[in-house]
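Residue numbers (the working numbering), protein chains in the order written: chain H, 1 to 289; chain W, 1001 to 1325.
A portion of the hints provided could be inaccurate.
As the list claims (entries may be wrong) - Restricting the straight-line Cα-Cα distance to at most 30 Å, the calculated cross-link-like pairs of lysine-lysine (DSSO-like) are:
#	chain 1	residue 1	chain 2	residue 2
1	H	K275	W	K1128
2	H	K245	W	K1128
3	W	K1225	H	K8
Rather than coming from a laboratory, the hints here were simulated on the basis of the structure.
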Amino acid sequence: MRTAAAPKFYETKKFKDKVKQTIIFIVLLAGSVLVLSPLWWMVSTSLKSPSEIAQYPPTFVPKEFHFSNYVEAWKTAPFTRWAMNTFFIAFCGMAGNVLVNSLVAYAFAKIRFKGRNALFIVVLSTMLIPGFVTMVPQYILFSKLGWVNTYLPLIVPAFLGSAFFIFLLRQFMMTIPNELIEAAVLDGANHLQIWWHIMLPLTKPALITVAIFSFNGAWNDLLGPLLYINDESLYTLQIGLQTFKGTLQTQWHYLMAMSVMVLLPVVLLFFFFQKHFIEGSNIASGTKG
Amino acid sequence: MKSYDTTIARRGADLAGKKVKTSRRRMSRQTRENIFGYLFISPWIIGFLGLTLGPLLFSLFASFTDYNITSRMNFIGLDNFKRMFTIDDLFKTSLWNTLYYVLFSVPLTTAGAIFLSVLLNQKVRGMKFFRTLYYLPAILSGVAVYFLWMQLLSPSTGLVNTFLAWVGIEGPAWLFDPEWTKPALLLMKMWSVGGGMLLYLASLQGVSASLYEAADLDGAGVMQKFFYITLPMISPIIFFDVLTSTIGSFQIFQEAYVMTENGSGGPGNSLLFYNLHMWNNAFEVFDMGYASAMAWLLFIVVMILTIINMKLGKKWVHYEGGDNK
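One chain only, chain H, in its complex shape (with noise of 0.2 Å):
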């Protein structure tokens, strides 16, 4: 404690307080920067000519616009049809997750039948086996059903429920009075009656958060795809994407082109959906339950 002189200006909390604030934003400000320049980054060597991009030292930006890199990039392979086979696998995935998840969840969540605990702690701990373990032996199952080169392996499992969307999902609904069920119960409607016309309403948030995770995780999924699909016309854009490495590994501005366009529609998403991108991580944050 200092003597008790009267305090002057810059030694009053209010000073300080506005002191440290600037601080922390020139700090944050700085991070940004950092943050921003890979993204910015990839989209100037997008733009610019091969000779430009083997320039030291480089440019940040680009002397000329090459837009014409985006369209001679696109043309370079099937993407358009790529593009749709992707959509549609991620489309998919997202309905089963959404349907079946939000299923089970009530489930866990609202119905007390015996055993519910136990086997809840069982989707828990499934959450800590590593996804290497099982890949072989799915693989070897997949094969022998004659699923090999179809989109069956990268979508039925989406039907078969996820333990972290139960998980989030049945956090989300736990939130929910009981007493909505209970008075439905009363007057006799069943549980698949209650979920479709009570729950689901009520649960939007938590379920357009898992379509977004959905839908993200099937756009960027490359080893599905890797594993399971041989034909070029049956490609998604991340296997296309990954067979370029090769044949175009010096053709810089070609590939930047192209990620800048696969990473666009997620870039896109986040920005309509960034409320529930991080509602849906503080949601799975919460670990109390």
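Fit chain W to the supplied structure of chain H, relying on the hints for placement.
Quick look at chain W alone, frame taken from chain H:
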């Protein structure tokens, strides 16, 4: 909101009303609950048996055989496991690479995410914007991002070495130098630390302000408040994050597969991670028996680490209200 709830409840009741005449009362309520419960979770049960438990048991069995998809499964005892530790040198390399990555990436990303979340929890102008911005890289992943980083890490004309040159440091060759390939991946990982940041931010917002006010009265400094209040209060989330990111880091694969020549594992096998080696055994040479043995060893290692983590967690994780109720 209230009226919305009641409308929905009424709608449910109306619907149910139509069914009342057929309602069967002979089945006990508990039996009905059981039937509906199991019916509703049946997709998960099928998935669990077919895609998790079944495969787990199959790979346990296959790990004692020389199965290669086309042949019959011949029982060969512990030969696969012997091969890992005595014949297969790449196995040791891949294990070492993976441990190196886990050992660095988990503490670095955890510390980075906590630091960032504390910064983003202050009352500063434009905070919502900053939070969105710092979270953005966390949602970007896949091949495009790996390409981006291959370009950023390019030794002569890449952005990273250009930045380093500004401050007078001659940057390494990153992905072309076996000494620097793993640090390069760690750098890439740090870019997307925003995912963890959000977890911590959510839990920081649950820490009561009165604790800090009391500490202020006692004349505690910034550091003291951080170590004696903030860290203990968010320790359950730290524990959860460390556990999941350890398991996640053990599974590093895609980065190495895409960023090295034909998934070869990079210069001097410096990016040959455990899963990449397992992948090559399973799907390049179709040595499924051996790959299954590797998978089971991974499973055991991860489970042991999880148990250690949980035991240690009891010592340092602080649950509000005493024992974890």
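Query - Pair hint outcome, K275(H) versus K1128(W) [Cα-Cα no greater than 30 Å] - result: 11 Å, holds
**Report entry** Agreement of K245(H) and K1128(W) with the hint, judged by alpha carbon distance not exceeding 30 Å
**Finding:** Judged against 30 Å, a Cα distance of about 37 Å means the pair is violated.
Requested in this report: Mind checking the alpha carbons of K1225(W) and K8(H) for me, to see if they're no more than 30 Å apart?
Outcome: 26 Å, holds
Hint 2 alone, counting from the list given before, is not met by this structure.
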